[in-house]
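Going down the list, the protein sequences come from chains A and B. The first sequence maps to residues -2 to 792 in our numbering. The second sequence maps to residues 313 to 446 in our numbering.
In case anyone wonders, no lab produced these hints; they're calculated from the structure. Positions of the beta carbon are idealized from the N, C-alpha and C atoms, including for glycine. Among the hints, a few may not be true.
Stated by the list, open to error - Part of the chain A face toward chain B, derived, beta carbon under 10 angstroms:
no., residue
1, Cys247
2, Val251
3, Arg398
4, Lys415
5, Gln442
6, Ile446
7, Ser480
8, Asp511
9, Glu728
10, Gln732
11, Leu757
12, Thr761
Here is how the chains run, residue by residue.
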Amino acid sequence: MKTGVYLCQCGGNISNTIDLPKIAKHVKEKKGDILIQENSHMCSGAGQKLIIDDIKNHGLEKVVVAACSPHFHEKTFRAALQKAGLNPYVLEISNFREHCSWAHKNEPEIATEKAKDIIDASIAKVELDFPLEEKKMQMGDEVLVIGGGIAGIQTSLDLADAGKKVTLVEKEPTLGGKMAILTKTFPTEDCAACIISPKMAAVQDHPNITLYTNSEIESIAGHRLHFEAKIKKNPRFILDTIDMDQCLICTKCVQECPIEQPNYWEQGIMNRKAIYIPAPHAIPYKYLIDKENCLHFKDGSCSICADVCPQKVIDFEQKAEFIDVAVDNVVVATGYDIYDATEKTVFGYGKYKNVVSALEMERIVDHISEKEPPREVGKRVAFVQCVGSRDKQIGREYCSRVCCMFSVKLASLLKQAKPETDIYIFYTDLRAFGKGYEEYYKRSQEMGIKFVRGKPSHFTEDPDTKQVIVTVEDTLSRDIIQSEFDLVVLANGMGLSAASEPIADQLKLAKSDDGFFKEAHPKYRPVDTLVEGIFLAGTAQGPKDIPDTVTQASAAAGRVLATLAQKEFSLDPVLAFVHQDICDGCKQCLNECPKKAISINADGKAEINEALCLGCGSCLASCPIEAIDLNYFTNDQMYAQIEASLSNKKEGEKRILIFADENTVYRLADACGVRKMKYSTDSRIFRIPSGSRMTSNLIKFALSKGADAVMIGDSPEKSSRFAWANNVTKENIKQVQSALNDLQIEPERLIFKEYSAGELARFTNDVDAIAEFLGTIAPIPNETRDKLFTAVRGE
Amino acid sequence: MAKLIKLDDKGVEFLDKIMELSGETITLCDQCGTCSGGCPFIAEMDVNPSQIMRQVMIGQKNIMESKTMWICASCFTCTVRCPRELDVSKVAEALRQVKLREAIDFIDIEKISEEEARILPSIAIVGAFRKFTG
Chain A
-2 MKTGVYLCQC
8 GGNISNTIDL
18 PKIAKHVKEK
28 KGDILIQENS
38 HMCSGAGQKL
48 IIDDIKNHGL
58 EKVVVAACSP
68 HFHEKTFRAA
78 LQKAGLNPYV
88 LEISNFREHC
98 SWAHKNEPEI
108 ATEKAKDIID
118 ASIAKVELDF
128 PLEEKKMQMG
138 DEVLVIGGGI
148 AGIQTSLDLA
158 DAGKKVTLVE
168 KEPTLGGKMA
178 ILTKTFPTED
188 CAACIISPKM
198 AAVQDHPNIT
208 LYTNSEIESI
218 AGHRLHFEAK
228 IKKNPRFILD
238 TIDMDQCLIC
248 TKCVQECPIE
258 QPNYWEQGIM
268 NRKAIYIPAP
278 HAIPYKYLID
288 KENCLHFKDG
298 SCSICADVCP
308 QKVIDFEQKA
318 EFIDVAVDNV
328 VVATGYDIYD
338 ATEKTVFGYG
348 KYKNVVSALE
358 MERIVDHISE
368 KEPPREVGKR
378 VAFVQCVGSR
388 DKQIGREYCS
398 RVCCMFSVKL
408 ASLLKQAKPE
418 TDIYIFYTDL
428 RAFGKGYEEY
438 YKRSQEMGIK
448 FVRGKPSHFT
458 EDPDTKQVIV
468 TVEDTLSRDI
478 IQSEFDLVVL
488 ANGMGLSAAS
498 EPIADQLKLA
508 KSDDGFFKEA
518 HPKYRPVDTL
528 VEGIFLAGTA
538 QGPKDIPDTV
548 TQASAAAGRV
558 LATLAQKEFS
568 LDPVLAFVHQ
578 DICDGCKQCL
588 NECPKKAISI
598 NADGKAEINE
608 ALCLGCGSCL
618 ASCPIEAIDL
628 NYFTNDQMYA
638 QIEASLSNKK
648 EGEKRILIFA
658 DENTVYRLAD
668 ACGVRKMKYS
678 TDSRIFRIPS
688 GSRMTSNLIK
698 FALSKGADAV
708 MIGDSPEKSS
718 RFAWANNVTK
728 ENIKQVQSAL
738 NDLQIEPERL
748 IFKEYSAGEL
758 ARFTNDVDAI
768 AEFLGTIAPI
778 PNETRDKLFT
788 AVRGE
Chain B
313 MAKLIKLDDK
323 GVEFLDKIME
333 LSGETITLCD
343 QCGTCSGGCP
353 FIAEMDVNPS
363 QIMRQVMIGQ
373 KNIMESKTMW
383 ICASCFTCTV
393 RCPRELDVSK
403 VAEALRQVKL
413 REAIDFIDIE
423 KISEEEARIL
433 PSIAIVGAFR
443 KFTG
């Protein structure tokens, strides 16, 4: 058998720290008949060609590439193997960059020693790698779009125009999202309703779109391009069984309804009745009854709307409907909520009458030119930027991007309507990044709007005039301004909408540090998620203005089309399988699989249904004789790589083996590397599908072969692809710990930790804490290690 | 020590007046500092030209006490370099006009001794009435 080992310098990222010639020498001495190449960039076309040519010319059967994390270029190299006629799964990636050269940048010698262990493990595993086949599944043309704001609307229309069947679900009673609340849009000042209304109508009329408004996703689950959702259509309490022509919109019900409530689409500056149509441009243009506030539902004292309705379409008995849909792809366009400024008590929002949010100001400005506007603005108006953005105090360190421009827009509209208003915009940095934005900002200055650099520290209210007294440093003159304003407008930042949370939980979507949904890659997969078949559109992925939102929404539609155009998709071959020659049909595994993928076949032996299996590895622990196994992470492969990685350990050295689930903790360790965060050089990190794959035998084996501590890392149950896995892991750990106790080995040497995607510092601190703990205790005596080995492997 | 200031209608009036006299939209100033950076007389000035623009914008009339506008030689370096095409020297001129129209004499003619009156050229005495450069 011939193996090729490729050492990537990564333009110095690796070779400046790790002594690659030394690694080559080490591998040569240890393995002899092996082909070793060093290259500046293995991922480049030239690097890939090197592998392809070697496979063809030297008859390589297995390949190891020591480079960056497999999450970056495993796909690239698998494709290269395939081009050369090799099966893509006889490849191993040694994570030299993220887990070694970057993490231990300042300790080149120790990093080189660690790299030896990493590559030895890869070589040991690759020798046992065998070809795996990807099964093909058929795809349809059904897409579910969650969220009916401008993002969801655009994605739906693009997909429907391309002939796909779209189900669009919106929780509010009208389409349009936040854009339906805006007065005008920057920098052109064209009316928001005029732009979005035709699109909303197009959605309603499109033969390929099924629209559910006033509806929620009750449940959604699925994986790998097949998802099933239950839609809950909340009752409007208006009959619409035959056709809506039944309701004549005669407004008699509205005239008679005694209840007044703040209208959300007017941001509370105007009221609506308990029976109402949300906005003048609502789609669908239908009444609904606000159950929370309607007297009929409160105490049954009123049913006047039903009494006066000439068509008798009001139905207080209407119940929620549930609709099941099965789709191939999902687009999450659940949007943003503005920051709730009541949290920042120094600004007195919600307490002072004349402090308003940006969206409230949209509605105030929209009505300002009316004869009797619902709200006047007064003589002097202040806009305050970065409220709920760029503020570590509230855990929002990011810039919300749009607030500078929407304050400029609101100020400009106000100045045009009321030129006598004295307007100040208090900002920290002014970001006019988009096309035509800088020019728009300049025009607002020309109008006489004054920009003062400085963030107000606090507001107080004049008890008599109710004016707001703003205290702020003009950081350009270094004067302290303390002045009364008739109105203060907060530029609320954006955060992921609260309605996104249940979707996030059910679809197991990861979030980035800013709390928005995380894209698969910030540069080249910006609308994909890490879950195959789920895409992101609009502000659910991060703060965006309307042009960027629409661009991303169309991009998401494009990605869906590209996916569905493949007609079929490949199943990841990392699935469980049963060694038919070993299995004795004891049936202990049957109940362990939450997906019911294990059954007993005609020979009385266990068998895996590959369409159901997700490849978590949880069933492995249930088999007392290691008959169940997992492709690409087989018992033999795991034993071999653990043993090889410990083979260079010298007297007095320590080893912490970290088994990290590939989706969260392995990537977390990658991210630590990217940020050059240091952690103990005793660590050796292994990739596994989930912590539950670590059977008690594997853990004991690791300790018997020289590991001083074993850490298993997995994502919390809530955000894991395998919700059941952590319980299995904990059970395995408990078993091993009791065995360790019996042998007088400290059970603290075995650690299980759950990490969310952003907890980098917690991870490095934990690893360092283990290293520190190992320094305080005596090493495991060799006889004890031998006993452990016997327990696993017999005499 | 930080100065406490107020934004009020008087300040807005002052800004409007300077904008009218100079013909320049002072609120357009982005505070980039190009004018101050290029000014050949900056070392002699007590307040930088960009700060003059700032103080006028936020209506701070006490900027009239600064020597800067009297030191400005109207060389137009600021004017030709301003990225917003503002004519800063015109703003200095507007400020000078405002001050001159207050018609405050710097010397009292009665207090000039006869001997001094005999020695000094009459142009020097007239010039000294409006001498603000120190």
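Okay, the hints, checked on the actual structure:
This hint is violated: Cys247(A) has a C-beta 51 angstroms from the nearest C-beta of chain B, more than the 10 angstroms allowed. Given the 10 angstroms rule on beta carbons, the hint for Val251(A) is violated: about 44 angstroms separates it from the nearest Cβ of chain B. Hint on Arg398(A) is violated. Least Cβ distance to chain B is approximately 20 angstroms, over the 10 angstroms limit. Nearest Cβ of chain B to the Cβ of Lys415(A): about 14 angstroms, over the 10 angstroms cut. The hint is violated.
Checking Gln442(A) against chain B: minimum C-beta separation of about 5 angstroms stays under 10 angstroms; hint holds. Because the beta carbon of Ile446(A) sits about 7 angstroms from the nearest beta carbon in chain B, less than 10 angstroms, this interface hint is met. Look at Ser480(A): its Cβ gets to within about 4 angstroms of chain B, closer than 10 angstroms, so that hint holds up. Taken as an interface hint, Asp511(A) does not check out: its beta carbon lies about 29 angstroms from the nearest beta carbon of chain B, beyond 10 angstroms.
Violation of the interface hint for Glu728(A) is found here, the shortest Cβ-Cβ separation to chain B being roughly 64 angstroms, above the 10 angstroms cut-off. A least Cβ separation of about 67 angstroms between Gln732(A) and chain B goes past the 10 angstroms threshold, and the interface hint is therefore violated. Hint status for Leu757(A) relative to chain B: violated, with the closest Cβ pair at about 38 angstroms, above 10 angstroms. Look at Thr761(A): its Cβ only gets to about 42 angstroms from chain B, farther than 10 angstroms, so that hint breaks.
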